[in-house]
Amino acid sequence: METAIEVSDLVINRGKREVLHGLTCTIPRGSITGLLGPSGSGKTTLMRAVVGVQLVASGRVSVLGEPAGSPALRHRIGYLTQAPSVYDDLTVRENARYFASLYKLGHADADAAIEAVGLGQAAHQLVANLSGGQRSRASLACAIVGRPEVLVLDEPTVGQDPVLRDDLWARFRTMAADGTTILVSSHVMDEANRCDRLLLIRDGHLIGDDTPAAIKTTAGTDDLDEAFLRIIRQQEKAAA
Amino acid sequence: MSPHTLASTIGRIVRQLRHDRRTVGLIIVVPLLLLTLLYYMFDGGLLFDRIALVMLGIFPFIIMFLITSIAMLRERTSGTLERLFTTPVGKLDLLFGYGIAFGLVAAAQAAVAAGLAYWLFDLDTAGSAWLVILIAVANAVLGVALGLLCSAFARTEFQAVQFMPVVALPQILLCGLFVARDSMAGWLQVISDVLPLSYSVEALTEVGRHADPTGTMWRDLGIVVGAIILALVLGAATLRRRTA
Ligand SMILES: Nc1ncnc2c1ncn2[C@@H]1O[C@H](COP(=O)(O)OP(=O)(O)O)[C@@H](O)[C@H]1O
Ligand SMILES: [Mg+2]
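Just so you know, the protein sequences line up as chains A and B, in that order.
Its first residue numbered 0, the first sequence is counted upward by one per residue in numbering that gives the first Met the number 0.
Its first residue numbered 0, the second sequence is counted upward by one per residue in numbering that gives the first Met the number 0.
Next comes chain A alone, as it looks inside the complex (with noise of 0.2 Å):
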């Protein structure tokens, strides 16, 4: 399978903190790879170091064949950051088509990516008088809006309702199908189940790297939450 995304020996500070550790992985093309892990492992510095916004300490990403960052990779990344990043004082369709601006696209665009995060109806409201749920769709609406080749979440799924969370997964899969590189974090579990591959990250270490499936078959439990804990304990064990 064509690698999308290649992370080599990858070391980051934050602060005066290492919060990644030398990590290495490949992320395939046209699949849904979780990013899983508690609060504070990494998730969303991993994430920045792919879409080209966090200093390196050491270590190389490539996307697409390119260094993350480089220009060229720009017209054919999308990043939905964690805290929704959209103009407050702007209205939803407003946002959406600002964005699809820089990619040079037109307001049809715009729409279909408003529609596509079902906020079809809220598009004429300003993003301030948005709930929370709907304000990270409309987030999401700017990221989706570029057709990016690489689409990068960070827990694009938080305070939504179980409906729609559910439209959204079928609709990242769609786009999957469609041959788009999907990165998504998560630290809910029953979300992992719909990825095609798992990342496990625990305080800057990449801990398991399968299919959710050889994931839970290894840890011999059909429980994620449950396989998850058991390999940390395996390691830890390893490590004593």
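Calculated directly from the structure, the hints in this document are not laboratory data.
Keep in mind that this is a model prediction, so the values were computed, not measured.
Heads up, some of the hints might be wrong.
[Said to hold, decoys possible] Derived BS3-like pairs: lysine-lysine, alpha-carbon spacing no greater than 30 Å straight-line:
| no. | chain 1 | residue 1 | chain 2 | residue 2 |
| --- | --- | --- | --- | --- |
| 1 | A | Lys103 | B | Lys90 |
| 2 | A | Lys215 | A | Lys236 |
| 3 | A | Lys15 | B | Lys90 |
[To be verified] Listed next, with one range per pair, are the computed distances between beta-carbon atoms:
| no. | chain 1 | residue 1 | chain 2 | residue 2 | range |
| --- | --- | --- | --- | --- | --- |
| 4 | A | Pro70 | B | Gly10 | 36 to 46 Å |
| 5 | B | Asp181 | A | Gln124 | 52 to 62 Å |
| 6 | B | Val193 | A | Glu65 | 30 to 40 Å |
| 7 | A | Ala107 | B | Asp211 | 23 to 33 Å |
| 8 | B | Arg21 | A | Pro70 | 37 to 47 Å |
| 9 | B | Leu103 | A | Leu228 | 51 to 61 Å |
| 10 | B | Asp211 | A | Ala111 | 52 to 62 Å |
No residue lacks a Cβ here, since even glycine has one placed at the ideal position from N, Cα and C.
Fit chain B with the ligands to the known structure of chain A by using the hints.
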């Protein structure tokens, strides 16, 4: 930088402001109220002519400095700047976007304020009102450029607001409005000489005294434009695609 991205960035910034009617109202009305206050303080005399003329240049500087530093700080803290840096947008699209968008707003503000001063309060200048507006807009853009730069050194809106007195007050005190620049102590003159507002105030004074634009006025305006470019270059250096 691309003309298309620049244009849509300007449009976006103006739209943001348009949704904030109260801010737009304040931008336009506050200078009018202050001019009215000056008019009655000085009974519309000669002193009014001198001070109102200088104020027409200082209002846009202060207001645009404040608005830009807050707007840019919001871009940084809301994550929109981080996201923008993953898109094809260029740093110059952002810097010029803010400069031009707020420059346009400042032109409207300066025109309204000058209109009031000239027609209702009989402001008397030997030179043209258009030159006054031109210098006012240059001052506004200077405020924008310094605001963009200073926003990099503030983490909160409280801090950003504090830069206003730091950046603006010394310039206003030393620009020659309160004490003529050549009768200040030598070291104060030196400071005054490196502050850009001193030159825009001198340019305005030239317009007040001479019917035709003078060489000094053009030189002063050139210095202000130079200061704008310098502040924008320094501002660009504070915009980092990659952060820690
Ligand atoms: N701006 C920052 N400055 C200093 N440390 C940070 C910063 N952002 C995150 N960190 C630290 O880096 C580590 C990883 O954070 P993050 O990547 O956000 O984790 P996650 O997304 O998995 O919750 C955490 O220990 C966090 O405290
Ligand atoms: Mg995170």
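Hint-by-hint comparison with the structure:
1. A:Lys103 x B:Lys90: 17 Å, holds
2. A:Lys215 x A:Lys236: Answer holds: Lys215 of chain A to Lys236 of chain A is near 19 Å, not above 30 Å.
3. A:Lys15 x B:Lys90: Satisfied, since the Cα-Cα distance of roughly 28 Å is no more than 30 Å.
4. A:Pro70 x B:Gly10: 36 to 46 Å: With a Cβ separation near 23 Å, Pro70 of chain A and Gly10 of chain B fall outside 36 to 46 Å, so the hint is violated.
5. B:Asp181 x A:Gln124: 52 to 62 Å: 58 Å, holds
6. B:Val193 x A:Glu65: 30 to 40 Å: Taking Cβ atoms as reference, Val193 of chain B and Glu65 of chain A lie about 45 Å apart, which means the hint is violated.
7. A:Ala107 x B:Asp211: 23 to 33 Å: 54 Å, violated
8. B:Arg21 x A:Pro70: 37 to 47 Å: Distance hint for Arg21 of chain B, Pro70 of chain A holds at roughly 40 Å.
9. B:Leu103 x A:Leu228: 51 to 61 Å: 59 Å, holds
10. B:Asp211 x A:Ala111: 52 to 62 Å: Holds, at about 58 Å.
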